[in-house]
Amino acid sequence: MSKQQVVTIKGTKDGLILRLDDQCAYSDLLEELGKKAQDPGLEGAVEVQIHTGSRYCSDQAAKEIIQIVQSAGHLRVSKIQSDVITMEECNHRVQEQQSETYIGIVRSGQEVRAKGDLVVIGDVNPNGHVSAAGSIYILGRLKGKAHAGNAGNREAVIAASWLEATHLMIADQMETMTDELAILSEHPEMECAYLHTNGFIAIDRLQDLRLLRPGLSTFKGGC
Amino acid sequence: MGEAIVITSGKGGVGKTTSSANLGTALALQGKKVCLVDTDIGLRNLDVILGLENRIIYDLVDVIEGRCRIQQALVKDKRFEDRLFLLPAAQTTDKNAVTPEQMKDLITELKRDYDYILIDCPAGIEQGYKNAVAGADRAIVVTTPEISAVRDADRIIGLLEQEDIEPPKLIINRIRRNLINSGDTLDVNDITTHLSIDLLGIVLDDENVISSSNKGEPVVMDPNNPAALGYRNIARRILGESVPLMSVDTGKPGFFGKLKSLFTK
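If you're matching them up, the sequences are chains A and B in order. So the first sequence is numbered by the numbering used here: it starts at 168 and just counts up by one. So the second sequence is numbered by the numbering used here: it starts at 455 and just counts up by one.
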């Protein structure tokens, strides 16, 4: 019985794809991968993508695969793609998508954190702090600090029925508020803060959020 | 079985001790058996305001460390027969001498004999605060119409909401009519909306509060004093009566007020 091929090479218009068999032993895979990489048939510098199928690829395994493929010198791995992720990663991603709701007043000195979006039903008093990896929506007065996109999401927004925050932060951009911004002292009600393309935090009417961040709307209703 | 109420504020100097002394006295005047507990270990002064300083033999730390029985440490206020007692704080030891568990046991023991136990809490949110709150069933937060006092009250309310006690109630102390009427200070409404807890009462600022504290005679003993009225109303509300909130507005300015406003315009 001839040994089945565990690494197949496929050429596409985006470059070469190395498709690795997901059923065979990992050691067999590495062995054949080594042989394929040394193949004299491949010439010049080529970018390859590696698809591991249903095999879970840990960071260490990924490093090992990249090392073997690149050892010959003329292949360069642009990306490793796998169809599986761990439960942990999956839960983490689910959490990021979720929105958490806090009902109550965030008082001076308190901090409320969320892994996804954060909805606060109540006020955020001065010196109170709300922070979320996603966007922050406040049904009440925001008079304290708010930090949206704290893991680096620059698309995150801060929306409040009454926006009088002392500090606004989106991703790594910080803005101190109230007196400095005329717009806030004049019309604090129903406003939203977002990161403008110029890199600074801008404030607009809440109604404009739909146009500013069309990606935020997940539910299409109103028919 | 009595009820333990902690009187706290976060910020110092807003009138926690004065409020404790006056509310305790007002409750005793209403015929209740009251024990005041000073938990400000290291900086006691509730005894001075009550005029009981020279009768102290043992203190709170002596009781907790077993050097005496509770009954020996309690100082009786002779003006009220058997209705007002004080458990003074220690002046010499530091605030870490007592743990919250010890405090809780002590308050539980006192609750058997008294209708109300008022716990005077030290300023700040450290060990002393934790001790004071440990045995309490209810909390009263004292603030003045100043932004810094309101901010600290907000912090304290946040901490109290995490404890296993009833939602705290608010006393706004040292209200100055003229400043409120001229809009130079936060008014009662601003403060209650901001803190969003129930208002237990307001106390007007009055010079006699200081002079009577210095004399060791709580101002609430004087029935005609405006600040005393505030404290008496609060005591009645603690007892469950519904008493209308006194008006801060002085109404029309008097003759001299008119004359003054003519010249200041």
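Simulated from the structure, these hints should not be mistaken for lab results. Mixed in with the good hints there might be a few duds.
Here are some, though not all, of the chain A residues that point toward chain B, as calculated from beta-carbon distances under 10 Å [what the hints assert, rightly or not]:
| # | residue |
| --- | --- |
| 1 | Val273 |
| 2 | Asn292 |
| 3 | His354 |
Quick reminder that beta carbons are idealized off the backbone N, C-alpha and C, glycines included.
Looking back at the numbered hints, which does the structure fail to meet, lowest number first? The structure conflicts with hint 3 only, although it agrees with all the remaining ones.
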